[in-house]
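Each protein sequence line maps, in turn, to chains A and B.
The first sequence maps to residues 1 to 83 in the UniProt record's numbering.
The second sequence maps to residues 1 to 83 in the UniProt record's numbering.
Be aware that a few hints might be false.
Since the list can't tell identical chains apart, any single copy or any two copies may satisfy a pair.
Claimed, not checked - Dumping the calculated DSSO-like pairs for lysine-lysine here, alpha-carbon to alpha-carbon at most 27 angstroms: (1) Lys40 x Lys10; (2) Lys2 x Lys40; (3) Lys11 x Lys40.
Derived by calculation from the structure, the hints in this document are not laboratory data.
Predicted, not measured: the structure shown is a model, and the values here were computed from it.
There are 2 protein chains.
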Amino acid sequence: MKGRVLISPKKGIADPQGTAVEQALHALGFADVRAVRVGKVIDLELPEGDRVAALAALARMSEQLLANTVVETYSCSILDEGA
Amino acid sequence: MKGRVLISPKKGIADPQGTAVEQALHALGFADVRAVRVGKVIDLELPEGDRVAALAALARMSEQLLANTVVETYSCSILDEGA
Numbered sequence: 001m002k003g004r005v006l007i008s009p010k011k012g013i014a015d016p017q018g019t020a021v022e023q024a025l026h027a028l029g030f031a032d033v034r035a036v037r038v039g040k041v042i043d044l045e046l047p048e049g050d051r052v053a054a055l056a057a058l059a060r061m062s063e064q065l066l067a068n069t070v071v072e073t074y075s076c077s078i079l080d081e082g083a
Numbered sequence: 001m002k003g004r005v006l007i008s009p010k011k012g013i014a015d016p017q018g019t020a021v022e023q024a025l026h027a028l029g030f031a032d033v034r035a036v037r038v039g040k041v042i043d044l045e046l047p048e049g050d051r052v053a054a055l056a057a058l059a060r061m062s063e064q065l066l067a068n069t070v071v072e073t074y075s076c077s078i079l080d081e082g083a
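Chain A on its own, in the form it takes in the complex:
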């Protein structure tokens, strides 16, 4: 099954990349865009099986490697394929 981890800078943590994107969007004419934050998305394939165990594994991966939990938050999800 497919798993996804979203990683974003925590509120209050400076996000220079987001600021740069926001300024570039303003320069392109998207004047009313605000609060741009740039993070990472990590998609991966896990063996079929228990969804709860898979989510727990994604959370462990996030804590141990994917996210810097001092300055970043993460959220994990399982992407359903078909119905």
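Following the hints, position chain B against chain A.
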């Protein structure tokens, strides 16, 4: 309203960052993780209003700035706040 753009490397395009993350996960004991792909998530705030127009604006931003459409795909969504 809150908008989100997800940007991922296209299928068949090499993703060295994904490969590095996959190897690191294997080294940490997550042996059965496969097909790791690392992309970007861009969250931003748009003025309240027409959701269809907002989605179209997100798509234009993606085409013009956020995504490199030669090697990346993007998907846009509006995140609902509350009910």
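Hint check results:
Proximity of lysine 40 to lysine 10 under the C-alpha cut-off of 27 angstroms is found in both arrangements, the shortest distances being 13 angstroms within a copy and 16 angstroms between copies. With identical chains, the CA atoms of lysine 2 and lysine 40 are at most 27 angstroms apart both within one copy (16 angstroms) and between copies (17 angstroms). For a Cα distance limit of 27 angstroms, the shortest separation of lysine 11 from lysine 40 qualifies both inside one copy, at 15 angstroms, and across copies, at 18 angstroms.
Consistency note: the structure conflicts with none of the earlier hints.
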